[in-house]
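Novice: The primary structure of each chain is shown beneath.
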Amino acid sequence: MAALQSARSHRHPAPQPAEEDSAVPAGVAVTLDGITHRFGASTAVDNVTLEIKAGELVALLGPSGCGKTTLLRILAGFQAQTLGRVVIGDRVVDSLPPAGRGVGIVFQNYALFPHMTVAQNVAYGLEARGAARDAVRARVEAMLGLVKLDAMRDRFPKQLSGGQQQRVALARALAIQPSILLLDEPFAALDKNLRLDMQIEIKQLQRRFGITTIMVTHDQEEALSMADRIAVLSRGKLEQFGTPEDVYDRPETLFVNGFVGSANQLRGRVVRTSGGVAEVALEAGTVLSAVTPDAVLTAGDPAILCVRPENLRLATEAAPQQIAGTVELALPLGPVVVYEVRTADGGQVKVTEPRVAGAALRAPGTAVRLQPISPQTCRAFAVPAGA
Amino acid sequence: MTAITAPGLAGPATAARPRIGREWTLALPLAAFFAVFFVTPLLLLVAVSLYADAEMTRFGLDQYIRFFGDAFNLAVLGSTLLLGVKVTALTLLFGYPLAWLYTRSGPRMQSALILVIILPLLTSVVVRTFAWIVILGRDGIVNNLLLSLGLAETPLRLLYTEGGLVAALVQVQMPLMVLPLITTLSRLDPNLLDASAALGAGPWRGFLKVTLPLSLPGIVAGCLLTYAAAVTAFITQSLVGGGQMLFMPQYIYQQTITLHNWPFAAAISIVFMVSVLGVVMLFNLLGRASKGYVHA
Chain A
1 MAALQSARSH
11 RHPAPQPAEE
21 DSAVPAGVAV
31 TLDGITHRFG
41 ASTAVDNVTL
51 EIKAGELVAL
61 LGPSGCGKTT
71 LLRILAGFQA
81 QTLGRVVIGD
91 RVVDSLPPAG
101 RGVGIVFQNY
111 ALFPHMTVAQ
121 NVAYGLEARG
131 AARDAVRARV
141 EAMLGLVKLD
151 AMRDRFPKQL
161 SGGQQQRVAL
171 ARALAIQPSI
181 LLLDEPFAAL
191 DKNLRLDMQI
201 EIKQLQRRFG
211 ITTIMVTHDQ
221 EEALSMADRI
231 AVLSRGKLEQ
241 FGTPEDVYDR
251 PETLFVNGFV
261 GSANQLRGRV
271 VRTSGGVAEV
281 ALEAGTVLSA
291 VTPDAVLTAG
301 DPAILCVRPE
311 NLRLATEAAP
321 QQIAGTVELA
331 LPLGPVVVYE
341 VRTADGGQVK
351 VTEPRVAGAA
361 LRAPGTAVRL
371 QPISPQTCRA
381 FAVPAGA
Chain B
1 MTAITAPGLA
11 GPATAARPRI
21 GREWTLALPL
31 AAFFAVFFVT
41 PLLLLVAVSL
51 YADAEMTRFG
61 LDQYIRFFGD
71 AFNLAVLGST
81 LLLGVKVTAL
91 TLLFGYPLAW
101 LYTRSGPRMQ
111 SALILVIILP
121 LLTSVVVRTF
131 AWIVILGRDG
141 IVNNLLLSLG
151 LAETPLRLLY
161 TEGGLVAALV
171 QVQMPLMVLP
181 LITTLSRLDP
191 NLLDASAALG
201 AGPWRGFLKV
211 TLPLSLPGIV
221 AGCLLTYAAA
231 VTAFITQSLV
241 GGGQMLFMPQ
251 YIYQQTITLH
261 NWPFAAAISI
271 VFMVSVLGVV
281 MLFNLLGRAS
291 KGYVHA
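Line by line, the protein sequences are chains A and B.
When you line the first sequence up against the numbering used here, it's residues 1 to 387, in that order.
When you line the second sequence up against the numbering used here, it's residues 1 to 296, in that order.
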């Protein structure tokens, strides 16, 4: 961000936060209450309930086809849900068209009007709402100042870079003083370096105005870095709704554990359970303790034990709760080394280890013992049907 | 090419030159065809129009002077150009919603619509025109319907009227308008209208401010094709218009075939061609302006 600001500061003196802050109202709470949406026979969104607090930035995270974009379109009013209610602030908005819901939306491809200049794009919503000429001009100036595009006001969208186009889309969406801001895969079209700049910029704008923001993304890093809370969706169902720490460290379902971050999935059978902790006899030949979030496992059940590569370490001394194996491959990734370890039952386990400068990598064929950092970092789930 | 004959000159500039240098020869057969069958007859036409008398004995601008000196001739030219404007305007008015409906429909509806749109192109103009005679005649479908509904006392005269002719031409030329419009409207990003709606614009504002300006290139292309086809539609003009109305194509035909006044026929052909070209160029200017507007 420092680089971003210094690169632009010659054109943009200090923005005036006081004036701008009063121009955009603080965010409102949003509730999705039992939303279900069906396209013909297929269910795109299945009974999703989310309570989003005022001023929160929530990411809807999931693979393509999980229903996150449908949910966003329902929220914006482009699509009417089959079942359920949408509440924005204290109003049920189900019968309102998009314009009546007070939402600002930034599309994945930005959807800027190609035949209008930057200033005309930003003014569009204000003019449509019948704002006075002077008010429109003042507001457009304020918004262009906010996104640091004053100098580009008479350019056409095609003459702008991807990042600039996104800032125009953002200014256009914020100009109408929406009470919630919707972002549809906002960074997908940007290259990697620019993406980080824009993520920081949007996060800062969102913080400053306290505008409730709902962002659709398939990129878990984006969700983890930007969102206050993440709603993980899979096949139309809400898998987990929690803070990035919750979702990453305490995943509640096998899907979340596998989709957010990476996880070793080890098959085994439950030996006994007590107080939300199960002991699982792994096919790899070890008994490991693990937290059971879904609490449906009882002794004798088949289970999948998930443990993240960074939550395993390569032990030097023999101890209980260790998995024996041999190193197959070492991948030095700069700060860490990833080892692919083959276990006794033929399965593969990944483990990451901080790289020590000058230390030799473990050679393929070396016998190693893998040990979880703690039982809390292992999670056991029931085996899903058909898996 | 150059690399083989003069290896010392190899470089980006010389490497590129032979490519441009030889490829134009591929256009020669077509160019020759056009020269023989289009440019030559056109020059002949100009030459014939410069004969002063019908017997083609001496040269002079008499034919042109005669054309522009007679209000009747100017009226024929004017009504022909105006007929084109009427047909084009109505085709656009009916064709735009049809094209819009097409782009908003599901795939199955689209196949049905495209069949309906293309169908006129698959039948001969003569057949289509005779169909209109059946529809518009004294004992035709329209009159029978009006009479049976009690909306008219006696059969209306629909055939051999300008209204009937315009209606027939609008139907006959419809594909020429709808197809370019579909192409332009299909390329419009549907998110643009969603964005417009989310920003608070109603459907009409969205149409006038977003859809219409962005579909201007298609409108211009469609109007251009429709206009050129409507003013020169000899068969439909003659059969549906009948002998009551005279338009330029029919006028030229009379002068050539019936009166054997080739120099005058040639002169009015040239006048007609230049007039239509003028209108077409006007459309083109509009089109270029709208393209600059859209893609600037």
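The set of hints was computed from the structure by calculation and includes no laboratory data.
It cannot be assumed that every hint is accurate.
[What the hints assert, rightly or not] Looking from chain B toward chain A, a few residues come up when the C-beta cut is under 8 Å (computed): (1) L199; (2) R205; (3) P213.
A quick note: this is a predicted structure, and the numbers were derived from the prediction, not measured.
Built from N, CA and C at the ideal position, the CB exists for glycine as well.
Novice: Look at each hint and say if it fits the structure.
Specialist: Hint by hint, here is what the structure shows:
About 3 Å separates the beta-carbon of L199/B from the nearest beta-carbon of chain A, less than 8 Å, and the hint is met. Hint status for R205/B relative to chain A: holds, with the closest Cβ pair at about 6 Å, below 8 Å. With a cut of 8 Å, the hint placing P213/B at the interface with chain A holds, because the nearest CB-to-CB distance is about 5 Å.
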